[in-house]
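Going down the list, the sequences are from chains A and B. For the first sequence, counting from 1, position 303 maps to 304 in the working numbering; every step adds exactly one. For the second sequence, counting from 1, position 27 maps to 28 in the working numbering; every step adds exactly one.
To be clear, the hints were calculated from the coordinates, so they are not data collected in a lab. Cβ atoms here follow ideal geometry from the backbone N, Cα and C, with glycine treated the same way. A few of these clues could be false.
In silico DSBU-like links for lysine-lysine, alpha-carbon gap of 35 Å or less [stated by the list, open to error]: (1) A:Lys397 to B:Lys144; (2) B:Lys364 to B:Lys411; (3) A:Lys238 to A:Lys350; (4) B:Lys4 to B:Lys29; (5) A:Lys238 to B:Lys487; (6) B:Lys238 to B:Lys510; (7) A:Lys389 to B:Lys398; (8) A:Lys411 to B:Lys144; (9) A:Lys45 to A:Lys4; (10) B:Lys411 to A:Lys238; (11) B:Lys483 to B:Lys45; (12) A:Lys45 to A:Lys487; (13) B:Lys159 to A:Lys160; (14) A:Lys238 to B:Lys510; (15) A:Lys403 to A:Lys389; (16) B:Lys494 to A:Lys238; (17) B:Lys397 to A:Lys238; (18) B:Lys289 to A:Lys4.
Here are the computed distance ranges between Cβ atoms for each label pair [to be verified]: (19) B:Gln345 to A:Thr352: 32 to 42 Å; (20) A:Gly365 to B:Ala322: 40 to 50 Å; (21) B:Lys239 to A:Ser123: 27 to 37 Å.
Output of the computed footprint for chain B on chain A, the stretches with three or more beta carbons under 8 Å from beta carbons of chain B [as the list claims (entries may be wrong)]: (22) 14-23; (23) 325-334.
Residues per chain are reported as follows:
Protein chains: 2
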Amino acid sequence: MQKSPLQIARSNYQPKMPVALQGFVAIKEGEKTQSVADQEEIKKLFPNTYGLPVISLVPGEKKAFPEMNVGVILSGGQAPGGHNVIAGLFDGLKQLNPNNKLYGFLNGPSGLIEGNYLELTSNIIDEYRNTGGFDIIGSGRTKLEETWQFDKGIEACKKLNIKAIVIIGGDDSNTNACVLAEYYQQKNAGIQVIGCPKTIDGDLKNAQIETSFGFDTACKVYSELIGNLQRDANSAKKYWHFIRLMGRSASHIALECALQAQPNICIISEEVEAKEMTLNDIVDQIVKVIVDRADAGLNFGTILIPEGLIEFIPAMRRLIAELNDLLANNEEFNSLESDDEKRQYVKAKLTHESSQLYRDLPKGIARQLTLDRDPHGNVMVSQIETEKLLIEMVAKKLAIMKGEGTYKGKFAALNHFFGYEGRCAIPSNFDADYCYSLGRTASWLIAEGKTGYMAIVQNLTTPANEWQAGGIPITMMMNMEKRAGKMKPVIQKALVDLEGEPFKYFASKRELWADAHTSYIYPGPIQYYGPSEVCDQPTRTLLLEKKR
Amino acid sequence: MQKSPLQIARSNYQPKMPVALQGFVAIKEGEKTQSVADQEEIKKLFPNTYGLPVISLVPGEKKAFPEMNVGVILSGGQAPGGHNVIAGLFDGLKQLNPNNKLYGFLNGPSGLIEGNYLELTSNIIDEYRNTGGFDIIGSGRTKLEETWQFDKGIEACKKLNIKAIVIIGGDDSNTNACVLAEYYQQKNAGIQVIGCPKTIDGDLKNAQIETSFGFDTACKVYSELIGNLQRDANSAKKYWHFIRLMGRSASHIALECALQAQPNICIISEEVEAKEMTLNDIVDQIVKVIVDRADAGLNFGTILIPEGLIEFIPAMRRLIAELNDLLANNEEFNSLESDDEKRQYVKAKLTHESSQLYRDLPKGIARQLTLDRDPHGNVMVSQIETEKLLIEMVAKKLAIMKGEGTYKGKFAALNHFFGYEGRCAIPSNFDADYCYSLGRTASWLIAEGKTGYMAIVQNLTTPANEWQAGGIPITMMMNMEKRAGKMKPVIQKALVDLEGEPFKYFASKRELWADAHTSYIYPGPIQYYGPSEVCDQPTRTLLLEKKR
């Protein structure tokens with residue numbers, strides 16, 4: 002297999018680790034824990050894995066561990082560093098006992114159910130050290146939720162004599178990991194389950210988990226590109242770049258990129274929702290900045306738009322809900338022939354407010370909402386090109402203002418979507434180190450017989466040797482939420498906290514950044530070598546949250 | 002102004018230079034030159050700047066130079082390294098005589114005509130060393146072609162006592178630089194003109210110019226992203242990524258990215274033209290690879306598409322030409338009300354072949370060809386989203402094959418366009434060194450009284466201290482070509498040479514790369530520090546052309 006010079010160089014990188022993980026480890030148990038809310042219900046649902054203590058890993062004495070086999074699963078969307086979690090887990094297991102074996106279940110949780118696996122040998126692991134992607138064993142989106150799946154998992158593990166499973170995933174996958182842990186405890190199956198916090202979206206974090214892995218690298222890739230576009234905008238002086246950023250619901254990615262690159266505008270979905278803003282409010286806000294800059298002779302700029310925006314606009318959410326109700330399996334609608342008839346049909350059936358909004362949307366978007374639907378008849382929200390929607394609406398408003406003489410600039414816009422480019426980038430030093438440490442931590446939690454825990458590493462804004470590795474009971478992060486009409490125990494998703502330091506800093510600066518005087522920062526590409534301040538920095542979000 | 006850690010680190014980078022430029026320089030004149038073709042006409046048009054000798058810069062004795070002022074212009078689209086040309090020019094001028102001054106004409110050639118300038122002091126220069134973008138003085142697309150413009154230029158130069166102008170631009174801008182040099186010689190204006198080879202497109206190269214600056218950095222940015230998408234494709238295993246790459250006409254960028262990342266498919270416009278391929282031929286070629294990979298269970302991949310493709314498909318070019326003739330200022334057409342009527346009108350008036358092709362195009366594209374037109378009534382070819390056109394046509398064909406049972410895979414496609422992200426990236430070490438050397442070279446050509454020359458640096462695949470700096474008469478690269486109906490002297494544009502080593506290597510490998518066995522390379526982001534093989538490599542195109 003041919004490799005780039007950087008691939009070759011990176012394969013020799015030795016991730017930095019907390020002191021405790023550099024030798025043998027002892028376990029220090031802290032206080033018993035409670036779930037963040039709904040303690041009674043959660044306790045009832047997780048009698049065996051509720052209330053466990055927080056665990057810290059500290060330097061310990063060398064000791065012998067019996068042989069064991071472990072399985073690992075990658076769940077959900079890719080995030081840079083997944084391969085290093087597996088490499089850390091592998092090295093950790095070999096440190097415990099050179100005869101330990103690591104099996105990778107293939108293509109996500111379905112690999113466990115189907116007993117589809119690959120033994121991960123050092124040859125394979127070495128191929129993937131410090132690389133991006135999840136291709137070592139593949140990932141998948143099958144949800145581990147049902148008892149028959151759990152039982153199939155026992156079969157697969159028994160066949161391979163597997164003592165523990167590590168599930169690398171986001172909030173939902175870790176919720177499921179905990180349900181699985183609880184089930185295996187109840188059944189006395191002899192299989193531990195350990196989770197690892199993955200997602201580029203950054204929405205799996207809380208008092209214990211400082212950040213999910215992959216967020217750092219993905220944001221740095223997007224910020225590189227945003228910085229490049231800003232330099233281009235500032236040079237050509239004729240384009241407004243509307244940049245949509247991946248991140249299914251929370252706006253952490255957009256916010257972090259804004260902190261890194263200081264664009265003229267960044268929309269934060271959580272703020273839109275809190276202020277009950279309409280699409281028109283957002284358009285007005287953008288138009289104001291464009292007009293102000295045009296008055297200063299600057300007909301260019303950058304605007305960051307979080308992918309999930311549409312669903313955070315209350316009126317849009319109501320419209321989409323109405324459309325979903327109205328059109329799913331609606332034979333009357335489906336029997337209509339022309340697009341025009343379909344639109345008329347929809348307009349007549351919507352509530353007054355939604356009908357108005359629907360009418361005001363650009364044609365292409367209205368079409369997407371009504372005609373392009375998923376197999377269940379639902380609007381495919383993630384495929385709506387919000388950046389184009391906003392360009393169209395902004396252009397329309399500016400044209401009116403031009404006619405009225407209140408806008409004298411020139412408006413030319415370019416649209417971008419950055420997402421897939423960042424999910425599988427070569428992990429930054431931060432993510433490479435963090436993930437490798439998570440993997441090693443998981444191996445110790447397994448060795449110590451823990452289950453229903455998530456591996457964590459804290460103190461991440463200090464140099465890696467000062468990081469603190471440990472484990473927290475997954476139940477600790479749970480509350481009860483309505484999912485598909487039923488109350489379920491789930492890990493609380495962390496949206497952007499409008500009272501948190503990262504947002505507050507952004508809010509205090511955005512008028513300055515919108516202003517005539519260019520405040521652009523050009524982060525440049527991720528560096529793996531060179532001065533530490535260039536190649537080892539964590540995200541701005543983390544630094545602000547830790548006030549460093 | 003806030004800066005990223007990489008910006009701060011890069012501002013201290015000292016570009017590497019050829020030995021000759023490290024001290025004082027002597028000029029070595031080579032053989033008299035001839036234009037590449039049409040020698041008689043070119044000689045007649047350039048009596049003062051034709052037939053000059055090639056110049057090499059070699060180490061020389063320290064000597065004193067009289068004070069002088071120089072002007073510099075950035076012309077056309079941004080390319081990484083432009084700021085370093087200016088920094089090299091500035092440092093070179095200061096080396097010649099500390100009292101020398103450098104003026105930047107603002108916002109491109111129009112700055113010269115309008116006498117709009119900025120004195121570039123060391124404070125300003127230091128802000129922009131090793132940075133991307135053209136924002137130090139801005140760029141513009143005004144063409145310096147007419148006598149009144151040249152005369153205004155004399156006025157502006159006289160006012161600032163400017164002895165020489167350096168024009169940093171692509172093939173057209175350098176052609177114009179030569180016309181300007183000739184005019185100023187004829188007029189005895191006492192103003193020299195020196196060109197510098199800029200363009201990310203890579204189409205300004207020949208026996209003397211090994212590569213234009215910016216091509217290296219831009220291709221590395223795009224290849225980083227392509228590599229990331231490939232890792233994602235190989236992990237998620239469910240998407241075909243259709244990636245359109247900037248590059249107005251030549252396919253050098255697509256080819257270089259293919260050499261760096263080894264995608265499953267890369268279309269080269271020059272080959273499409275040479276083989277007189279139709280749009281359907283291209284679709285068939287893509288479909289074949291998709292079907293073969295699906296048969297091997299691989300329903301994912303990457304396809305690179307050069308931006309200029311459409312105009313290299315002979316039948317499409319004819320259709321576009323017919324549409325341009327038919328619709329420009331056509332009142333009958335403009336008076337038609339509905340889109341349907343317009344389409345019918347067009348279909349009836351086209352030749353049989355074009356009408357057929359027009360009918361077969363996806364609706365959205367046909368619409369773009371007929372309805373969205375520039376102020377002159379011309380089709381806006383560069384705005385046609387070729388990647389979406391191909392996705393639509395490929396999907397249609399695969400659906401038919403699925404019905405026939407000859408295709409059993411799943412096809413889901415994502416589209417990307419990479420362009421603006423690369424034009425203003427922080428220059429790679431290669432471009433930073435190359436550009437700085439070009440700037441220093443230009444200062445020596447000016448000091449030695451040369452005009453109508455382009456600054457060049459050769460031997461670029463060796464370490465920078467072995468590079469050879471010099472100058473070539475711009476007339477040497479010229480031939481006569483028809484432009485807007487008139488024969489004009491122009492620098493030959495370098496398209497991808499189907500007999501050249503880069504294409505031949507690609508052609509010898511592409512079946513392997515298309516194949517089931519993944520050949521993806523993951524170049525990763527540009528590195529500025531670390532091992533030389535990671536951070537100082539030139540493009541694969543250049544290495545293959547030089548057979549290293």
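Results of checking the hints against the structure:
Simply put, Lys397 of chain A and Lys144 of chain B have alpha-carbon atoms about 32 Å apart, close enough for the 35 Å limit, and the pair holds. For the proposed pair Lys364 of chain B and Lys411 of chain B, the alpha carbon gap of about 24 Å is at most 35 Å, so the pair holds. Of the supplied pair hints, the one linking Lys238 of chain A and Lys350 of chain A is violated, its CA atoms being roughly 46 Å apart against a limit of 35 Å. Proposed proximity of Lys4 of chain B and Lys29 of chain B is contradicted: the alpha carbons are some 43 Å apart, above 35 Å.
Distance restraint check for Lys238 of chain A and Lys487 of chain B: the Cα-Cα separation of roughly 33 Å lies within the 35 Å cut-off, and the hinted pair is therefore satisfied. Annotation: proposed proximity of Lys238 of chain B to Lys510 of chain B holds, straight-line Cα distance about 23 Å (limit 35 Å). Between the alpha carbons of Lys389 of chain A and Lys398 of chain B the distance comes to roughly 28 Å, so the proposed pair stays at or under 35 Å and holds. For the proposed pair Lys411 of chain A and Lys144 of chain B, the alpha carbon gap of about 22 Å is at most 35 Å, so the pair holds.
With a C-alpha separation of about 52 Å, the suggested pairing of Lys45 of chain A with Lys4 of chain A is violated against the 35 Å cut-off. Distance check on the hinted pair: Lys411 of chain B and Lys238 of chain A sit about 43 Å apart at the alpha-carbon level, beyond 35 Å; violated. A distance of roughly 17 Å separates the Cα atoms of Lys483 of chain B and Lys45 of chain B; the hinted pair therefore holds under the 35 Å criterion. The suggested pairing of Lys45 of chain A with Lys487 of chain A holds, with an alpha-carbon distance near 17 Å, which does not exceed 35 Å.
Our distance criterion of 35 Å between C-alpha atoms is broken by Lys159 of chain B and Lys160 of chain A, whose separation comes to about 88 Å. With a CA separation close to 41 Å, the supplied pair Lys238 of chain A and Lys510 of chain B exceeds the 35 Å bound. For a cut-off of 35 Å, the pair hint linking Lys403 of chain A to Lys389 of chain A stands: about 21 Å separates their Cα positions. Taking the CA atoms of Lys494 of chain B and Lys238 of chain A, the gap is about 27 Å. The hint holds against a cut of 35 Å.
Only pairs whose Cα atoms come within 35 Å are accepted, and Lys397 of chain B paired with Lys238 of chain A is rejected, the gap being roughly 40 Å. Straight-line distance between C-alpha atoms of Lys289 of chain B and Lys4 of chain A comes to about 27 Å, which keeps the hinted pair within the 35 Å bound. Distance hint check: the CB atoms of Gln345 of chain B and Thr352 of chain A are about 40 Å apart, consistent with the given range 32 to 42 Å. A hinted range of 40 to 50 Å for the beta carbons of Gly365 of chain A and Ala322 of chain B is inconsistent with their spacing of about 29 Å.
For Lys239 of chain B paired with Ser123 of chain A, a C-beta distance near 30 Å keeps the hint of 27 to 37 Å intact. Proximity of the stretch 14-23 of chain A to chain B, defined as three or more residues with a beta carbon under 8 Å from a beta carbon of that chain, is not established by the 0 residues found. For the stretch 325-334 of chain A, the proposed coverage by chain B is not satisfied: 0 residues have a C-beta within less than 8 Å of a C-beta in that chain, short of the threshold of three.
Hints 3, 4, 9, 10, 13, 14, 17, 20, 22 and 23 from the list above are not met by this structure, while the remaining hints are.
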